[in-house]
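Colleague: The primary structure of each chain is shown beneath.
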Amino acid sequence: MQQFRTTCRFPLVWALLFLVSAAAFAESGVYQSRAAFLREALGSPEPTSAVIWMQKEMQATAKEILGHPYDGLRVRYWYEGDRSAWILDEIGKEKPITMGIVVDNGEVTMLRVLQFRESRGWEIRYPFFTRQFSGLTLTEKGALNKSIDGITGATLSVRAAARSANLALYLDEQRKQRLSAR
Amino acid sequence: MKPKKAPTGLRSRGKHWARRTHRLLGVSSLIFLLIISVTGILLNHAESLGLSKRSASNPLLVRLYGIDPLVIDAAFAANGLSFVSSDRVLYVEGKRTATDLTPLVGVVETSEEIIAGTSSELLVLTSDGVLVERFTPELPAAISRLGLLEGQPLSEIDLQFYAIDARQMQLAEILPVAESAVQWSQNVEPPAHITKAVSSAALGQVLSVERVLSDLHSGRLLPTIGRYVADLAALCLIYLCITGSILWFRRRYPGDR
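Protein chains in written order, with this note's numbering: chain A, 1 to 182; chain B, 1001 to 1257.
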């Protein structure tokens, strides 16, 4: 008992226990299903979906945002009034991270990591990180209006999240332009 | 021929020895200097020369790097195009088209597009094989087969049939139909030129010309010994710099003897 009390007094032991338990839970996987995300974002598990075709100009801008060509000729999104939800895959280091992004009136209102496949950088799923994206808009130059604070050891995942948010805002802008042109 | 007079005095002997070793090492280091210089220039312009995208497919190099031979997981044909999946990558006509996907279970061609299916994902492609969209439906089990029922794409999941709506990217369960009514997509043996193209594209991701040049430049091409050879070449070059400077200095200022 005396030994147990002595052990409890050592903050180092607690810190190590915390690290070991954190490492045990640090695994890639599905954090939120598409239906759950859409329900949270738009209030329905199967809201109306539509696609936006990536025309040449859009492809060039997407390439500029992502640093590589977008994987596909069209992007699917779900919407409810002015609010749109985008599910985008973006590579952090080697494998794609699936992110759900909600844009309302040209402003990001929610970002969720739906699936993480790599062994490092999963910390971006936590609200302390994703909260930073709320209120993000595009500047006139098409960049994010504020910088995103990084996480040590998750730099590439942080960048992938920022790129996805930037692309979702750009796509939403294009969607609105097309709707108003009709 | 008059015999060369042996140098006398410590300084003269040192100069004579420096000159001889400088010449000898200069000639010996020539090959290393050439390799380092040429690979250095090429690496400096690797991006513009597209060296990172070019695969080093030489069999000797492949063996040297210990790269496993290509394993084709599945291959299908649709609309005259070959669809091959290998190591989580889909190749259409030997061209890398989509990554991070499980092996193909089938490819079907409709009047509007081509649909490729893996155990967990559906991919819509144009009739000429350009990727349009990827979609991961929430499935009760893995997709086992893909086929056509009266021209409409169909998937088999846990012995149930699901119609594929490629526009909405949705699956709708349908009543069981006679096995013979469905044209199931069949695994095929890819043509030799496609296998070669896939092999080259796959190798390009692992072993690019840029990587080989970089390894050659740093001496990492040969395991362990390569590094020591590169160290030796670098030491020779340092020695050449020193002896060259000494010889030049002595010739430039002969009166300092």
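These are calculated hints, taken from the structure and not from any lab test. Predicted model only: the values in this text are computed from it and were never measured. Backbone N, C-alpha and C define an ideal beta-carbon position, used for all residues, glycine too. Incorrect hints may appear among the rest.
[Stated by the list, open to error] Only some residues are given here: those of chain B computed to face chain A with a beta carbon under 7 Å:
1. L1060
2. D1100
3. L1101
4. E1133
Colleague: Hints first: check each against the structure and report whether it holds.
Modeller: Checked hints:
no., hint, in the structure
1, L1060, "violated, 28 Å"
2, D1100, "holds, 6 Å"
3, L1101, "violated, 10 Å"
4, E1133, "holds, 5 Å"
The structure does not agree with the numbered hints 1 and 3 stated previously, though it agrees with the rest.
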